[in-house]
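What follows is the residue order along each chain.
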Amino acid sequence: MISLNDFLIVGAVLFCIGLYMIVSKHNAIQILIGIELMLNAAILNLVAFGKYDRLNNGGQLFALFAIVLAAATTAVALAIILNVYRQYKTIDPGKIDQLKD
Amino acid sequence: MSLAQILFYVMGFIALASALFVAGTKNLVRCIFMFFITLFALAGLYVLALADFVAITQIVIYVGGILVLILFAFMLSGKETLNAMAQQRSKFISISKLPALLLAGLFLIVLLNVLFKVDADNLLWIKKSIRTNNEILPDAEMTQNIGINLMTKYLLPFEAISILLMIALIGAAHLSRKETRA
Amino acid sequence: MRLYEKRRLKKLNEFLNAIDTLTIHFTLAAVLLPLLAFIINFSNPGKNNKVAGWASTIAILISCVLSAFVFAKVWNSHQVHQQQLWFTIGDTKIYAGILLNNLSVLMLLLVSVIALPVHIYSTAYMKNDENFNRYFAYLSFFCFSMLALVVVDSLVLFYAFWELVGFSSYLLIGFWFTRDKAVQANKKAFIMNRIGDIGLLTAIIILFAQYHTFDIIQLFADKGLITQSVIKNGIWMAPSGQLPAIWQYIACGGIFLGVAAKSAQFPLHTWLPDAMEGPTSVSALIHAATMVAAGVFLLGRVYPLFNGAELTVLACIGCFTAFMAATIALTQNDLKRILAYSTISQLGYMVMAMGIGAYASSLFHLVTHAFFKALLFLVAGIVIHQMAHIKADNGLEIDPQNIQHMGGLRKKLPFTFVLALIGGFALIGLPLTSGYLSKDSILIQSFEWSDGKSGILKLIPIIALLTTWLTAFYVTRLIVKVFFGELRVLQIKPGIELHISDGGWQYKLPLVLLAVGCLFALFSFNPLLYEDAWLFKGLSITNGLERENIYHTLIPASVNILSLLVMYAAYIIYVKRKANVFPQSGFLFRLSANGWYFDEIYNRTIVKPILALSNAAFWFDRTIIDGIINLLVKTGLVLSKLSAWIDQYIIDGFLNLLVAIVETIGNFARKFQGGKVQYYLFSMLAIILAIFILLILDARF
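Sequence lines, in order, name chains Y, S and W.
Position 85, counted from 1, in the first sequence is what our numbering calls 85; the numbers after and before it change by one each time, with no gaps.
Position 4, counted from 1, in the second sequence is what our numbering calls 4; the numbers after and before it change by one each time, with no gaps.
Position 543, counted from 1, in the third sequence is what our numbering calls 543; the numbers after and before it change by one each time, with no gaps.
Calculated from the structure, these hints are not laboratory results.
Take these hints with a grain of salt, some might be off.
What the hints assert, rightly or not - Below, computed lysine to aspartate or glutamate pairings styled on DMTMM-like, alpha-carbon distance capped at 20 Å:
no.	chain 1	residue 1	chain 2	residue 2
1	S	K128	Y	D92
2	S	K26	Y	D92
3	W	K391	W	E486
Isolated chain Y, as found in the complex (with noise of 0.2 Å):
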């Protein structure tokens, strides 16, 4: 049987690649998707420890609504990418370090 360990080591693996991508892109998009990245990776360890609660099945529940709120997020980003975009014209994060336009 595949242990517990091992879905939290891959949720571990995904969790840091994400971390990286969000520390170190030069493009918002990109940025977004590292975010995607380390939600996936909490929703993988939601899943993975849910497995020993079935009455309450929080586990698997919880994963629903972490999946339906990374949905949302995407979107209201996205709008706010493409506003940025239209006010700095680049969506590079270290270009946008003026508060006042």
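Position chains S and W against the provided structure of chain Y, taking the given hints into account.
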């Protein structure tokens, strides 16, 4: 080594490899498509974790919804965005990524350390749940379980989530309309 | 003794003491007056005023008068000696004082009497020279040194004035120092004199080491310390101690070296012909009559020091010098050089006479030689002066001193001619002159001395005789070539005007004064017998020679007859040109004409090596010592450059490095506040990570 484990390693490998590719590439299009593959692999992993409904939901919402949204947002946003994204620096290994790499690496080490300390398989509540037959077995029907739990125990989060979705929808729609300069 | 006799004796002593003190005072005045003249002339910077000449002349005149007084007082009576303590070193007391015995007062009178005509002559001879004052200053200085030399009583003072005399000679030889030959001549004279001085100093020091006194009376008197010491078995024993006998030989050698240098004996004789570069009046005073006689005077003072063998050596060297110089004088053509070589020859006679024990004869010859040689030099001066007039008037290119251009001057300069004849006869030693008395006394005594000797020593009187005839020959040649015949300048350039004459009283009076001393009358009432001369009687040490032997008549007769024959022969050869028997080339002629090649020998063996040594030392100093210093300089430069480089690159570089580090850290840290979202996120995550790591590592807060 049962088939499930082999499958798990394959799925795990695909997920991690494609995630690495996503992290490493500079080309946005390739990034998005590899993310596509990562999401599918993750869905497979969910199945192996005996969460089949979650897996289907993942594919439907993430892949079919979010990814397509990103793709459309990227593709339809005009030539300037496309050009700006297509022109990336060509170096693969550059020293400016080092702090991020270091950070990520250290985080990974910390997490793994905690993992091994915790030794999840031997946690008391897990053992207890195994003993008290709380574990989800491979032949269980999860959909019914999820449905019942959603409407009884988790009704409040359900309703909250729906309101949130509505707010997000309105917000996103408002944010992304074209500004009419009047 | 009765009381009144005692009192009279005491009064007599007091009277005598008073006279002695007066004598000493006169002596001091006679010595110091020329010094005063020197100071006056030297500090007078004006050019060529007659005051200088008259100051010196009056000073020497008064000295002469005072010397005459002192001479009359001391000659043949008791000697006068006064001394004072000069300084003390440790236990040794050095005295300074005046000693007047026969020898001292004779020399005192001689020097001042010769110096007086020379001074008068010089006032006219040097009147056109622009360094008139300096000339008389130096001349007075010389007179002071020489007069002091003859009266001092201690060897230390003797040495001091000996050196001063040599120094005055140096100054006067190089008087016309703009002439290169004069400068070389005075250097040569001074260096050779210095060699003699070393010898004399060594001798004085050895004598002091043996006898612990410098006093001349204590050492050399009749019953003095030296006559009390003997040499036995190789030890020189004296009343005050003893030394190995070698020191006595060295002392005598040292004395001889001093004599050889000062009196131009072989081997240190080559400076005297070159010293003729000075003015002729200087040559007359210094290099004929007085300074060169100082060597013989030294011999007279220290005579008891020599023992038999050393005296024999002295005689041999004197004889050889006399012969050699006479042979050289035969072929010389420069008027003054002939006279210089003649001086060397006559000095050789004097030294030889000292060697054979004829102490009185030697000093007698010294006195007579002073007169006739000074006279001949002054005559030469007049002749040269007139030849220079001829040269200047007619623009000729002749050497005024060359006798080959002269001739027939007796018609133009009759007075000079007569006096030259007197001087010449005295030099040859013909009867009725004073030279005859002194020279024949030496010859006779040389024959008597060689009676008791054997072997080669029997040759010495023969060689002396030969030298006498050679002297006759070259003197006649000189006089004939200058005064007889026709003026050979006319053969070069016929038809020139000759405006020459004898000169004024300043030229004639000195000649006359000196000529008086050339005749017998001054010295002896008997023109033929030297033993009657008062000078001889006053100076002779009892050497117990028999008065009557065959030599006393044979020698004078033969010598003089043959001299007359030689003179006639020379006259015929040089005037009538009847016979020219002497080849003008050939080995003997060249040997004689080049001074027996002594100058070349000295030049090659001594002068050149010393110059090479000095060049080597110069090279050493220049390349090696300066090279070392340059090396140090370069090292210093290199070190300084190195330290500059270190300062610039290392020290400043270190500072620059610090600055760069700070800059980098600043730039780095600045990024975290730059407004970039990802950096904010990064720093946040880094802190969280740090907390986690610390928690994991179980750190206690």
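### Message
Under the constraints set out in the numbered hints, which ones does this structure not fulfil?
### Response
1
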